[in-house]
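Each chain, letter by letter, is given below.
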Amino acid sequence: MEKFEKFTGIIAGIDRPNIDTDAIIPKQYLKSIKRSGFGVNLFDAWRYLDPGEPGQDHSRRRINPDFVLNKDPFKDAQILLARENFACGSSREHAVWALLDFGIKAVIAPSFADIFYNNSFKNGLLPIALGSELVDQLFSELESNEDCQLSIDLENQVVRNASGTEMAFEIEEFRKYCLLNGLDDIGLTMQHAETIKAFEQQYYEKLPWLK
Amino acid sequence: MAGKTLYDKIWELHEVRRDDDGTALLYIDRHLVHEVTSPQAFEGLEIAQRSLWRKRSILAVPDHNVPTTGLELGITDPVARLQVDTLNQNCDKYGLTEFKMGDVRQGIVHVIGPEQGATLPGMTVVCGDSHTSTHGAFAALAFGIGTSEVEHVMATQCLIQKKSKNMRVTVDGKVAEGITAKDIVLHIIGEIGTAGGTGCTIEFAGEAITNLSMEGRMTVCNMTIEAGARAGLIACDQTTLDYVRGRPFAPQGEAWEQAITCWADLHSDADAVFDREVVIDAQDIAPQVTWGTSPEMVCAVHQRVPDPAQEPDPIKAGGMQNALDYMGLKANTPLDQVFVDKIFIGSCTNSRIEDLRAAASVVKGRKVADSVKLAMVVPGSGLIKQQAEDEGLDRIFIEAGFEWREPGCSMCLGMNADQLGSGERCASTSNRNFEGRQGQGGRTHLVSPAMAAAAAVKGHFTDVREL
Ligand code: SF4
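Residue numbers (this note's numbering), protein chains in the order written: chain A, 31 to 241; chain B, 377 to 843.
Keep in mind that a hint or two might mislead.
What the hints assert, rightly or not - BS3-like mimics (lysine-lysine), calculated; alpha carbons at most 27 Å apart, straight line:
#1 Lys64(A) - Lys431(B)
#2 Lys236(A) - Lys380(B)
#3 Lys431(B) - Lys385(B)
#4 Lys385(B) - Lys541(B)
Keep in mind that the hints were calculated from the coordinates and are not lab data.
Let the sequences and hints guide you as you build the complete structure.
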């Protein structure tokens, strides 16, 4: 996993609560056995006017001109802004892969579905939970088109707009540490292999029918 | 000191280690695997040259992509076939237990785990699928994980976890005649909302819950994720033991006796304290029908489609209007005047024998309405299909005009050919009514099996109790 560096990027907003994983990446694309290539189908049903299938040439499909990620400058968005309970629904990590593959590095919303939140960190995507009022503020800034840029500084846990206003966010220490250092969870857990083995020994003595 | 909740107890039993900030390693007993969320995990292991920690913890089955007709042709969609073939190859390569297509034990992963006794009380159960919450019906701590975590469990038998909050939903009293587990859980979601359980493990309790069969309990726990919680739990009792006893993967003889002594403690202590408590009166629950594109957008069948103009919160009102537009519904339309094009009885929520019996008892001697284009029943597993056929349920469905299909996820998510066309409206016993869930432009109304059967007969929603 790459280290999560401080960056400034374009922010695009989708003003809806409960955006579900079926909307982020529809099921027909889950048939892939790869982790890459999902970006062209991010928000597929909203982004295109015609139905899509895996394997087809998506550049020839009819684009929905009204959808934010089809407009300039949001085509190059690196930050997504949404309402509460973002990415509810299935456990599909493809939702995270699709966002990353499109170029999104951080998602800001008042709240996230648990599984998605977890999946994000495993792939280097930063979910930022900000209070509803702050999210409101960001949406209205976007609307008045004051600026579409935002800086994300994970180290200091702040989001900064072009006029310099800072918004602080919370994040668990361990998750932050892993993101900043690009650490792989499995490697970290393997350092405890002996502890796991010792655990198993007493565990199966206690619960022998599970052995 | 306050007593412990069921969740506390199972958690403690499985905690391998914990850091000061609460980040813990949780030991996993059972790992269920299917074709959609596993290929990238197996590939990851290979690239990192890691081995599987405990192969016998894994039970694998293809379900999401499998066709429900013409099995002799195999999977005709090459992309889907590759995914199932990849699962087969991975399982063969590592020597994992897999119920392949054609095996009578094959079916939806959350149906076959309990059916085989692979899900046991007190276990931790994970699967790369959010409806793993289903297994909580057995007093097992069960939750869905992403593909990276699938790989993590394969390599280490553990997950990095932080303990969630304890929440309890108590459904007091008895439900009225004809009210099913699906109505209970849809009603709960309508009350607490789809984010109502976020960050929590929900224990379901109360008379209306303990009165449920294991099938009913699975239906309730299945939809815990729709209430925002990763895991749902129900205490272990005699109903649980009666269901588990004698199943292929369940302990036998002396081991069984040992196990049930231990399982006797799988309930929350009387003085346990929950971070959040919700109490619902069972008498308030009527047959439920969802009207929107989120499971919390649900009403009793005799109510009207809500009016966004009456909603004070502008964001909510906007969400409601979006949903009505997508669903092709007008505010204030009585739900029992909404006509449907298709009927789907199946999915890990409602495809077990009891669900099929409930639906069959409604359609028996009746016919699917002419206006209904397709009505289908997709049993949850090959074994359920067999049992239903032994009981003659297939005949009842077929004579009424239903299609009787092979087991799989089918139109719950429409990864195979079973899909809604754009604008088609479906009475579905599945768990998600998201936009496009059952096919692009498709309109899903979630209901119980009995209510789906009643809609099939009438052509529109109707209170099954008045049929
Ligand atoms: S039946 Fe539906 S919800 Fe259940 S595992 Fe299959 S796709 Fe998921």
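- Message: Flag every earlier hint the structure violates by its number, smallest first.
- Response: none
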